[in-house]
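Trainee: In order, the protein sequences belong to chains S and Z.
Residue 80 in the working numbering sits at position 80 of the first sequence; the count goes up by one each step and never skips.
Residue 225 in the working numbering sits at position 225 of the second sequence; the count goes up by one each step and never skips.
There's no promise every hint is true.
Unchecked claim - The calculated label-pair distances, taken between Cβ atoms and stated as ranges, are:
1. Z:Gly47 x S:Gly389: 26 to 32 Å
2. S:Ala31 x Z:Pro294: 33 to 39 Å
3. S:Leu120 x Z:Gln102: 53 to 59 Å
4. S:Leu46 x Z:Ala143: 36 to 42 Å
As the list claims (entries may be wrong) - Here are the simulated DMTMM-like cross-link-like pairs (lysine to aspartate or glutamate), alpha carbons at most 20 Å apart as the crow flies:
5. Z:Lys335 x Z:Glu176
6. Z:Lys65 x S:Glu382
7. Z:Lys99 x Z:Glu89
8. Z:Lys226 x S:Glu498
9. Z:Lys36 x Z:Glu272
10. Z:Lys278 x Z:Asp299
11. Z:Lys309 x Z:Glu142
12. Z:Lys36 x S:Glu496
13. Z:Lys335 x S:Asp207
14. Z:Lys324 x S:Asp28
15. Z:Lys36 x Z:Glu22
16. Z:Lys36 x S:Glu122
17. Z:Lys36 x S:Asp307
18. Z:Lys36 x S:Glu498
19. Z:Lys324 x Z:Glu173
20. Z:Lys300 x Z:Asp277
21. Z:Lys132 x S:Glu496
22. Z:Lys36 x Z:Asp277
23. Z:Lys335 x S:Asp307
24. Z:Lys36 x S:Asp305
25. Z:Lys51 x Z:Asp40
26. Z:Lys242 x Z:Asp299
27. Z:Lys335 x S:Glu122
28. Z:Lys324 x S:Glu113
29. Z:Lys65 x Z:Glu89
30. Z:Lys65 x S:Asp26
31. Z:Lys300 x Z:Glu317
32. Z:Lys324 x S:Asp312
33. Z:Lys178 x Z:Asp330
34. Z:Lys226 x S:Asp305
35. Z:Lys226 x S:Glu496
36. Z:Lys269 x Z:Glu45
37. Z:Lys51 x S:Asp312
38. Z:Lys134 x Z:Asp211
39. Z:Lys335 x S:Glu40
Derived by calculation from the structure, the hints in this document are not laboratory data.
Note that the Cβ used here is the ideal one computed from N, Cα and C, for glycine as well.
Single-letter residue listing:
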Amino acid sequence: MLFALAITALVLVPVVVTFSSFAQVDGDILAHLTEFVLPELVGNTLWLLLGVGIGVSVLGVSLAWLTAMCDFPGRRLFDWALLLPLALPAYVTAFVAIGLLDFTGPLLTWLRESRGITGLPEIRSRGGVILVMSLALYPYVYLIAKNAFATQGAIALEAAQSLGLSRWQGFFRVALPMARPWIAAGLMLALMETLADFGTMAIFNYDTFTTAIYKAWYSLFSLPAAAQLASILILFVLVAVVFEQRSRTRMRYGTVGRNAMRRRIRLSPALAGAACLYAGTVLAIAFLIPVVQLALWTRTVLARDLDSRYWDFAWHSVLLAGIGALMVVIVALLLAYAGRQRPGAAMTWTQRLATLGYAFPGAVLAVGLFIPVAALDNWLIERGRIWFGFGGTEILKGTLLVMLLAYLVRFLAVGFGPIDSGLHRITRNIDEAARNLGSSTTALLARVHLPILRASLLTAAALTFVDIMKEMPITLMTRPFGWDTLAVRVFEMTSEGEWERAALPSLAIVVAGIIPIILLTWRGTRPLD
Amino acid sequence: MRFPRLIAALLLAATALPAAAEEVVVYSARNEQLIKPLFDAYTRETGVPIKFITDKEGPLMARLKAEGRNTPADMLLTVDAGNLWQASEEGLLRPIQSKTLQANVPAHLRDPGNEWFGLSVRARTLVYHTGKVKPADLSTYEALASPKWKGRLCLRTSKKVYNQSLVAMMITEYGEGKTEDMVRGWVANLATPPFPDDTKAMEAVAAGQCDVTLVNTYYYGRLMEKQPTLPLAIFWPNQNLKNKAAGVHVNISGAGVTRYARNPSGAQKLIEWLSSDKAQNLFADVNLEYPVNPGVTLDKTVASWGSFKQNLVNVKEAGSLQAKAVKLMDRAGYK
């Protein structure tokens, strides 16, 4: 409990800094935004959440069901390949999609000039944003739901069928409700990322609530107004989380043995072909086509931009993401266990608050963390000067420690979601059974809990690793001198609109991000064959 | 090999120890590939090491503010005047007295209070489709609001600072009411929703989606370097006006010395060097921008676009009027 409180306190630091902005309200700016900007943006944001919510759920759940429960040609490949879009930053997918599908892109140009076809839907539109965000973010739902389907086994489904439900009814009335906490965990991650996204929205010029936050800060020069808007955003997320959790507290999620599922569902040849085509299309649009485009762009800039420094950039990225992911998984695991040992309203709130960092727009979180660190540093430097004649300008800031703590605050939700829902699988009965058989606590954890949680832990680690690789604002603000990463390179190139040159570091992020995805499928979710 | 360095970085700040006396530390919003060649050249020439970190202006200024008197930064470098003005308003910069900078940087491209100085000029001009528009059809930014351009105009988003400072310049001459009408005219003439960057807007013109757009010249230079056959050309607007809106709108990439710099004289020397003949070409040419120092010869490509009269309103207005310009564009529905 103490530990959980300490973690929550850490996350609350930027929250408090952000909310403290209300001490200094600029009525003029807020009045302007409320009158001319927000009405439309709130609508835009809600439409976006609805669209992306439906998009990632449909894509993620259907693909998870197919690869986890059914058999069709290429299933083993799709099983892990469908995770790959995770390694591709959403703004890259967006830029490639617009490059290919806009009026000036090759497809419409060809249709217009050789076929005379015009009047096709505009990619730079609400539908376009929803499509791109859904394709970029569905892996969150896919990965976590696949884990759920694969481990829930077939007993319940077989029972359902013996009670006369058809296969479809079994899916909708048994498997889906049983997987709900997992799907909800993935969906929350996808929606929080959508809410906080700035890069993709900028490329589409689609204004959301987060756009208004950056407008207040960068264009109207009011960091307080930006922080106030961010506070509202965070409250909104908190309310959404509470509602989501309330709506499923009365359900109980029991276990289901690992030994259960022996046979995959056999699809008819036509259905199997359709499944293969469907999975292949999603993979092509969400990953293969953008990566081929990146590779083509990279070829044009390779000679100019690739130098030995890239080893350092890649090494820094992998190192930070590796240590960061490890920290996040450990802390998330402890937090989830704390909740299991001491359930109750206080603990639920502690956990909710501890995972709020993911809802922040990145740069706002970065400042919210940097301000107190700098203040503490100023105090330490002052002491150091008086006591030891210290003459420097940095003690804490400019260390990787601050950077890693910032990642922890930001990505705890990403690690906590899969681990906490995985922990639901281990009921009290299992604990009691193990104890009755004489196992000690250590043995219980090592021989019962760990095997059940293994897939969840790896999921959490992979998601966090890839997210840190792609992270920009915190990395930019807290990196020590000389600690540039691949994401920093992407920033350098895109900040002046040189998208083609950003292809090289983006591609490097993809390559580095594939490593954990392969590890994940190699050691992780292979419960049945 | 690498691990000792890792442990050190985990626990020790790189500058925890007093830095070598003459080292200069720069916070830069101008990206790495545009400044590193210059810093390397400076170090080769003077032996003074330079340490820098890049980020967006907003976070860099928030950082300077939070660090207060314990900032490691000696100098702030940005890619627009509005942010330098804001840094000065927030008390993050200090005035410097320098004959060299007074001589090298024209008065309208530096702070009247001497807290910051332009180092390169970014000209925002018209680019048109050579097959569909005759230069004689074009005249001013203002004229793009006329109904004759209905459905023929492409624009980049109003969220980019370059459009904000252009509108700010218009406000200095026409006031908010008339400027807002003009922006409404632009919006009414749009052929398609605003683009996220200048390059996309030019590609739309080239593809025939619209006939004319507003861009910074270096984007035009970069695009034409890659695809020299595109039917695009530059037009210099507002050349025959006699009011304050006369001349092509310019913004700057510029720098100032931070208020709590440890090495203010080192930072000042660096800024002076950047404004000098030999550095000016490097600074501007690497990105096809214009040097601020009028005595410097232009890059060949840049010179080929012809000469033009600049707008002479002090670029600090881009900062002081930026909030007004942004609000005005919001009211006019310019996304």
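Trainee: Taking the hints in turn, state whether each one holds.
Mentor: Comparing the hints with the structure gives:
In this structure the supplied range 26 to 32 Å holds for Gly47 (chain Z) paired with Gly389 (chain S), their Cβ-Cβ distance being about 28 Å. Between Ala31 (chain S) and Pro294 (chain Z) the Cβ separation comes to about 44 Å, which falls outside the hinted range of 33 to 39 Å. Distance hint check: the CB atoms of Leu120 (chain S) and Gln102 (chain Z) are about 57 Å apart, consistent with the given range 53 to 59 Å. At roughly 40 Å, the beta carbons of Leu46 (chain S) and Ala143 (chain Z) sit within the given window of 36 to 42 Å.
Proximity of Lys335 (chain Z) to Glu176 (chain Z) is assessed by CA-CA distance (about 18 Å); at most 20 Å being required, the pair is judged to hold. Note on Lys65 (chain Z) and Glu382 (chain S): the hinted pairing holds, with a Cα-Cα distance of about 17 Å set against a maximum of 20 Å. Distance restraint check for Lys99 (chain Z) and Glu89 (chain Z): the Cα-Cα separation of roughly 24 Å exceeds the 20 Å cut-off, and the hinted pair is therefore not satisfied. Our distance criterion of 20 Å between C-alpha atoms is met by Lys226 (chain Z) and Glu498 (chain S), whose separation comes to about 12 Å.
The suggested pairing of Lys36 (chain Z) with Glu272 (chain Z) holds, with an alpha-carbon distance near 17 Å, which does not exceed 20 Å. For the proposed pair Lys278 (chain Z) and Asp299 (chain Z), the alpha carbon gap of about 13 Å is at most 20 Å, so the pair holds. Distance restraint check for Lys309 (chain Z) and Glu142 (chain Z): the Cα-Cα separation of roughly 17 Å lies within the 20 Å cut-off, and the hinted pair is therefore satisfied. A threshold of 20 Å between alpha carbons decides the hint, and for Lys36 (chain Z) with Glu496 (chain S) the separation of about 15 Å falls inside it, so the pair holds.
A threshold of 20 Å between alpha carbons decides the hint, and for Lys335 (chain Z) with Asp207 (chain S) the separation of about 8 Å falls inside it, so the pair holds. At roughly 11 Å between alpha-carbon atoms, Lys324 (chain Z) and Asp28 (chain S) fall within 20 Å of each other, so this suggested pair holds. With a CA separation close to 18 Å, the supplied pair Lys36 (chain Z) and Glu22 (chain Z) stays within the 20 Å bound. In summary, the hint linking Lys36 (chain Z) to Glu122 (chain S) is not supported, as the alpha carbons are separated by about 40 Å, beyond the 20 Å threshold.
The hinted pair formed by Lys36 (chain Z) and Asp307 (chain S) meets the criterion: a straight-line CA distance of about 14 Å does not exceed 20 Å. A distance of roughly 17 Å separates the Cα atoms of Lys36 (chain Z) and Glu498 (chain S); the hinted pair therefore holds under the 20 Å criterion. Taking the CA atoms of Lys324 (chain Z) and Glu173 (chain Z), the gap is near 14 Å; set against the 20 Å cutoff, the hint holds. Straight-line distance between C-alpha atoms of Lys300 (chain Z) and Asp277 (chain Z) comes to about 16 Å, which keeps the hinted pair within the 20 Å bound.
For the hint linking Lys132 (chain Z) to Glu496 (chain S), the alpha-carbon distance of about 29 Å lies beyond 20 Å, and the restraint is violated. For the suggested pair Lys36 (chain Z) and Asp277 (chain Z), the alpha carbons sit about 18 Å apart, so the restraint of at most 20 Å is met. Straight-line distance between C-alpha atoms of Lys335 (chain Z) and Asp307 (chain S) comes to about 39 Å, which puts the hinted pair past the 20 Å bound. At most 20 Å may separate the alpha-carbon atoms for a hinted pair to count; Lys36 (chain Z) and Asp305 (chain S) meet this at roughly 13 Å.
A C-alpha spacing of about 10 Å is found between Lys51 (chain Z) and Asp40 (chain Z), which places the hinted pair at or below 20 Å, so the restraint holds. About 29 Å separates the Cα atoms of Lys242 (chain Z) and Asp299 (chain Z), which puts this hinted pair outside 20 Å; it is violated. Restraint check for Lys335 (chain Z) and Glu122 (chain S): satisfied, since their Cα atoms lie roughly 17 Å apart, inside the 20 Å limit. Taken as a hint, the Lys324 (chain Z) and Glu113 (chain S) pair is broken in the structure, with Cα atoms around 44 Å apart against an allowance of 20 Å.
In summary, the hint linking Lys65 (chain Z) to Glu89 (chain Z) is supported, as the alpha carbons are separated by about 12 Å, within the 20 Å threshold. A C-alpha spacing of about 19 Å is found between Lys65 (chain Z) and Asp26 (chain S), which places the hinted pair at or below 20 Å, so the restraint holds. For the proposed pair Lys300 (chain Z) and Glu317 (chain Z), the alpha carbon gap of about 31 Å is over 20 Å, so the pair is violated. The suggested pairing of Lys324 (chain Z) with Asp312 (chain S) is violated, with an alpha-carbon distance near 44 Å, which exceeds 20 Å.
The hinted pair formed by Lys178 (chain Z) and Asp330 (chain Z) meets the criterion: a straight-line CA distance of about 15 Å does not exceed 20 Å. For the proposed pair Lys226 (chain Z) and Asp305 (chain S), the alpha carbon gap of about 16 Å is at most 20 Å, so the pair holds. In summary, the hint linking Lys226 (chain Z) to Glu496 (chain S) is supported, as the alpha carbons are separated by about 16 Å, within the 20 Å threshold. Restraint check for Lys269 (chain Z) and Glu45 (chain Z): satisfied, since their Cα atoms lie roughly 13 Å apart, inside the 20 Å limit.
For the proposed pair Lys51 (chain Z) and Asp312 (chain S), the alpha carbon gap of about 17 Å is at most 20 Å, so the pair holds. The hinted pair formed by Lys134 (chain Z) and Asp211 (chain Z) meets the criterion: a straight-line CA distance of about 10 Å does not exceed 20 Å. Our distance criterion of 20 Å between C-alpha atoms is met by Lys335 (chain Z) and Glu40 (chain S), whose separation comes to about 11 Å.
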